[in-house]
Each structure stands twice: as structure tokens, then as C-alpha cells.
Amino acid sequence: MTLKNIVINNLRRRKARAIFVLAGLFIGVSTVVGLISLVQEMKKDINHKLEMYGANILIVPKTENLSLTYGGMSLGGFSFDMQEIRQEEVARIKTIKNAANVAAVGPMVLGPITVGGHRILLAGVDFTAAQILRPWWSVKGKMPAREDGVIIGSDAARVIGLKPGDKVIVRGRVLPVTGVLEDTGSQDDGLIFAPLPVAQSILGKQGRISMVEVAALCSGCPIPEMVKQISAVLPSGNVMAIQQVVKGRMETISHFQKFSYGVSALVLLVGCLMVLVTMMGSVRERTVEIGIFRAMGYRKSHVLRIILLEAALVAAVAGIAGYFAGVGATRLLLPLFTQGQGHGAVSLDPIMAVTAFLASIMLGIAASLYPALMASRLDPNEALRAL
Amino acid sequence: MSYIDAKNLFKEYGIGAATVTAVGGVNLRVNAGEFVAVMGESGSGKSTLLSMLGGLNAPTSGSFRVDGVDVYALTSDGRADFRKKSIGFVFQNFHLLPYLTLAENVMLPLAIVKMGRKQKLATAIDALARVGLPDKAHRLPNQISGGEQERVAIARAIVNHPPIILADEPTGNLDTHTGSEIMKLFTALNHEGITVIMVTHSNEYAHYARRLIRLSDGRVVDEGTNLQSPQSRKRRRTGGKKKKRLT
Numbered sequence: 001m002t003l004k005n006i007v008i009n010n011l012r013r014r015k016a017r018a019i020f021v022l023a024g025l026f027i028g029v030s031t032v033v034g035l036i037s038l039v040q041e042m043k044k045d046i047n048h049k050l051e052m053y054g055a056n057i058l059i060v061p062k063t064e065n066l067s068l069t070y071g072g073m074s075l076g077g078f079s080f081d082m083q084e085i086r087q088e089e090v091a092r093i094k095t096i097k098n099a100a101n102v103a104a105v106g107p108m109v110l111g112p113i114t115v116g117g118h119r120i121l122l123a124g125v126d127f128t129a130a131q132i133l134r135p136w137w138s139v140k141g142k143m144p145a146r147e148d149g150v151i152i153g154s155d156a157a158r159v160i161g162l163k164p165g166d167k168v169i170v171r172g173r174v175l176p177v178t179g180v181l182e183d184t185g186s187q188d189d190g191l192i193f194a195p196l197p198v199a200q201s202i203l204g205k206q207g208r209i210s211m212v213e214v215a216a217l218c219s220g221c222p223i224p225e226m227v228k229q230i231s232a233v234l235p236s237g238n239v240m241a242i243q244q245v246v247k248g249r250m251e252t253i254s255h256f257q258k259f260s261y262g263v264s265a266l267v268l269l270v271g272c273l274m275v276l277v278t279m280m281g282s283v284r285e286r287t288v289e290i291g292i293f294r295a296m297g298y299r300k301s302h303v304l305r306i307i308l309l310e311a312a313l314v315a316a317v318a319g320i321a322g323y324f325a326g327v328g329a330t331r332l333l334l335p336l337f338t339q340g341q342g343h344g345a346v347s348l349d350p351i352m353a354v355t356a357f358l359a360s361i362m363l364g365i366a367a368s369l370y371p372a373l374m375a376s377r378l379d380p381n382e383a384l385r386a387l
Numbered sequence: 001m002s003y004i005d006a007k008n009l010f011k012e013y014g015i016g017a018a019t020v021t022a023v024g025g026v027n028l029r030v031n032a033g034e035f036v037a038v039m040g041e042s043g044s045g046k047s048t049l050l051s052m053l054g055g056l057n058a059p060t061s062g063s064f065r066v067d068g069v070d071v072y073a074l075t076s077d078g079r080a081d082f083r084k085k086s087i088g089f090v091f092q093n094f095h096l097l098p099y100l101t102l103a104e105n106v107m108l109p110l111a112i113v114k115m116g117r118k119q120k121l122a123t124a125i126d127a128l129a130r131v132g133l134p135d136k137a138h139r140l141p142n143q144i145s146g147g148e149q150e151r152v153a154i155a156r157a158i159v160n161h162p163p164i165i166l167a168d169e170p171t172g173n174l175d176t177h178t179g180s181e182i183m184k185l186f187t188a189l190n191h192e193g194i195t196v197i198m199v200t201h202s203n204e205y206a207h208y209a210r211r212l213i214r215l216s217d218g219r220v221v222d223e224g225t226n227l228q229s230p231q232s233r234k235r236r237r238t239g240g241k242k243k244k245r246l247t
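Chains A and B, in that order, give the protein sequences. Just so we're aligned: 72 in the working numbering is position 72 of the first sequence, and the numbers increase by one with no gaps anywhere. Just so we're aligned: 107 in the working numbering is position 107 of the second sequence, and the numbers increase by one with no gaps anywhere.
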């Protein structure tokens, strides 16, 4: 017989009270776990979708350019002291502090060429990176497998009259057309894409590049901070963030997250109040019992331990059950929040499980502290007067 | 010096004009191994006095010493330890915890004592054997009679081997026959050297005590040796000193 036995036997006897305390904490823990899991899964889902948006940082050479373009229409401009980005400098992007957030770096060289009597832009790209940076590309035919293959934008193919398997002659070089892009609705439709070294060679820009596209994974990644970091390692580049989509999406998540935390705090508060009220009732109901304990020589600390141990045991069960219920609820609800496109299954997070378990115990103890103190401070003589 | 020495004990409740004196200047000396019955009408202060003697109710004034220790000079924890080591309480309504078996109820005072699990159980079974219930250790309180519940309450009071038992109306809820059985049990424990102080309404049961104290309005109005008690009869046979006859 120890204090633990007294606690366990009392919980067995007063099942209704124990279940009430359990319910208070269980609802609190499961709600918090559910909402946090939901936010995490929504973030994952949005990050996954953001990756599909491709590049979100653009690096162009620094220039004293007075741009005269508006709405995609170029009205000419005046440029002086034009710099270019050296290709070897691009590797520095992988050395920034947030390098882990960089999914792909796509250097690009641009220059005008003439094909079949038509003036057209030739873009030299890294096709491996291009598939990450432009996940919306759909190619009739195939991507260039050889160094000198090209793919043609849909508009360019229509105007010039090219199809996969044809060949284009550019400045004396014969390049096979391996594929034609489906309509993208972007400027890509009017371009010819060649491997970067081939394009550099044709345009006479060996070792130089016109712009760099960067895809940053946005798991809350600090795009402005990354822009600063890239600017620091690429002084010859003008680094710009394409933030609108990211910001908008992340702000939505952030609002939902704040709302979730608010709801969680409220539910936890209600849960704790349930525990407090139930434990107060329990202490009042057990006044005589506490009086007997004190008459037997139990110290105040013994009574305190009995009440807190009882709360901790129930809270531990509530923590475990609440965690699994929360994750289960997230699994059920996630398709509703992600329009049926949840990014994979909701996984069990051991850190969150331990946190939920410990937090539940701490909340149970905190909510029971006042009733426990009240019990321990009961005047034994007054308690026995209730006999 | 007496084993239990209460001097001019007062206990007042309330403030100013609303003050009620529950115990008004009680002097009480009890030697080790005595069996004392405290009698009186309802509201005479006997239960208050008993709680003061048990270290549960600090007096408004006066001193209370047990074996030379000023009990109310101790801290709260000190008094708890005093009760654990020195006092066994027996209550009128038994007050066994219904969710514990008889053995577990008896082991309650041992829950705060450093002792092996098996040893605790053995000690509890031994205490139950002393009150005549060695075979019912694993029953629940609602599975035994009132008299047996009182025996379990006594076993719980003696399991720690305290030198003093304080019993508050221990036969109040029992029939005459069972009450007599319980009184014989107290007498037997007293013969083992345990000091017993018992509060009772009943003259019949009070006669089991060697000394009778009668309270009225919180004061001792009568005190003397009970010549009808088994001990007194024995002392008379052996030539003991005769005190004032109370009944």
C-alpha cells in the first residue's frame, strides 16, 4: 500500500469523476493536436503546390537601365554600363545560409537569332533545372537528350513551321528539334530552348549568363532574407523576389495558424476549467477522507501528492488518447481543407506526441494545483467535523 | 510526570460577543497504560477535547504535552509525525474507505511509512488477527458487519503500534452485544500497555475504563476511578489505592 495505490483505487471507484477530468483534457489535447497537425499538413500541402509554381527568385545583371516597358509591351530603353553575370558566380547561390531552401538554380542565356528568316529569341537553359523551374511545361516529343537538341515554343513552332524531328540551322549549326512545347500562355511560347553551353556558343556568350531563376522551397522560408543572402554572394546580379503568390498563400496559412492557436488556447482553458471544477468537487467530496488521512499522520504534502498524482495519471491517459484522436481527426478533415488533395498521409510525429503527453500532464497538474492545495490545507479537525 | 499532561486547556470559537467556549480550562493527566473514559452530554466539549488530545485541534490557550513533548509547539508536519507515531484514532462511523479491501484499509497508516510491500501486508494481517478478523483481509467494507467494520477500524488504529488510542464514540453505531465485544477488545489492547482514551455517552461502556471523567460545558465536573472496571477490581484484589468513587 502506497499513495499510488490509494490514487488508483480511488480513480477506479470514482470513475465518473475520472472520466469527466479525462474528457476535459482529452478534448483540449485532441483539439490542439488536431489543429496543429492540420496547419502543418496544410503548410506541407501549400509548399508542395508552391513548388509547382516554379521559380520565385529572379536574378538579372545589374544595369543602369531606364526601363520603358509597361504591361509586357517594350517601348525601348536606354542602357549603359551593362554588367553580366559570370557563370561561375552562380554556384555561390548554393553557399548561402538558407541553401537548404533552394530547390533549383536555373542559369539562362538569352540572345536573338534568325531561323528561317524569322527573328527569334534563343534561350540557353539547364533542362534538368528547367523541369523544376517550369513544372507546367508539357512537351510534344521529348526533352533534348543530346547536347545539341532544342525544343521550340508553340508559337515559334507554328510561325516557323517546325515539328519534332525537324532540324533548325542556326549560324551554321544544325540542331535537331526534339520537342515542341504545348501552349503555356507565357513568353516561353515564342522561344527556342537549347542547352546552355550550346546557346552560349551560338550567341558568343561563353561563361556568361543573362539571368538566373531560383526556386526556393517555401516552408516558411524567408524569401526577403534569401534575396539579401544571394545579393551578398552575387554582387553583379540584381536579385528580385517573386513574392506575391508565396506571401499571399503563407499569409492565409498564418491567419489560420493564429486562429487555430486562439481556438486551441480557448479549448484548453475550458478543459482546464473542467478539471479545476471537477477536482474541487472531488476534494469537497473527500473532505472526510482527507480528515482521516491527516488524523493518521499524513502530512500536507502527502495529501497534495495524492490529489496531484490522481490528476497526473488521468492527464497522462488524456494526453495519449488526445494525441491519437487529434491525428485521427486531422486525417479525416484534411481532405476538406485541401480540396481533396492532401499531400500524403498525416504521419505520427513523435515530438508532438511527447509534447502532447507532457503538456497534458502539466496542464492537469496546473489545473489541479488549487484544489490540491485546498485539500492539503484543510484543517484536519474541521475535516473530521464533517464526520 | 504524567505521560499525557494537559494543563488549563481552553478552546474558544468565534470572536467577541459571539465567542463560544467549547473547552474551558481542562486539566488532565493520564499515565501510560491507563484506560480513561470521557463522558458528557452532547456539546459538553468531549469530542473537542479528544481532537485536542490527538494533536488535531490547537487550543486557544493552555499546554498539552505527551511524553514531555509540547505537541502544539511542533510544526504542522511535526504534529502529523506525532499522530503517525503516537496516536491511533477510532471513529464512531468506522470511516473505512469503501474502495479499499480490509487489508488495504488497515495498511493506510503504513502508506506513508518506508516498509516493504510484503511486510506492510503481513503487518496489516497481523493487526486484523489481533482484532479477530484474520480471514477477511481481502473483503470490502460493505461485505462485513458493523461490528467487524469497527474491529477493522481498531486494527487500522493499532497497525502502527501507537502507544495511545483515541476513540470517539466507538460503540455509538453498534448493538449492545457487539458494543461489549468492542469494549473487551479495547480492554485487551489496554492490557497490552496501550493508553486508551475513549469518548462515550454510555455509562455501560464507560465502566470498562479505569478512570472516568465527566465534562459539562467544557469543564471537568467529575473525575474518579471507576471501581466497576475490570482493572479496578483487579487492583482491589491486589490492594491498590482507592480513589474517589464516581459511580
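Because the hints were derived from the structure by calculation, they are not lab data. Each residue gets a CB set at the ideal place from its N, CA and C atoms; glycine is no exception. Do not take every clue at face value.
Said to hold, decoys possible - In silico DSS-like cross-links for lysine-lysine, where the CA-CA straight-line distance does not exceed 27 Å:
1) A:Lys15 to B:Lys136
2) A:Lys4 to B:Lys85
3) B:Lys184 to A:Lys4
4) B:Lys118 to B:Lys136
5) A:Lys94 to A:Lys228
6) A:Lys44 to A:Lys97
7) A:Lys15 to A:Lys62
8) B:Lys136 to B:Lys114
9) B:Lys114 to A:Lys300
10) B:Lys85 to A:Lys300
11) A:Lys163 to A:Lys140
12) A:Lys4 to A:Lys300
13) A:Lys44 to A:Lys228
14) B:Lys114 to A:Lys4
15) A:Lys44 to A:Lys258
16) B:Lys136 to A:Lys4
17) A:Lys97 to A:Lys62
18) A:Lys15 to A:Lys300
19) B:Lys136 to B:Lys184
20) A:Lys97 to A:Lys300
21) A:Lys4 to A:Lys43
To be verified - To give a feel for the contact side, a few chain B residues facing chain A, derived at Cβ under 8 Å:
22) Asn57
23) Phe89
24) Pro109
25) Arg219
*Find the hints from earlier in the document that the structure breaks and name them by number, from lowest to highest.*
Checked against the structure, the hints that fail are numbers 3, 7, 20, 21, 25, while the rest are satisfied.
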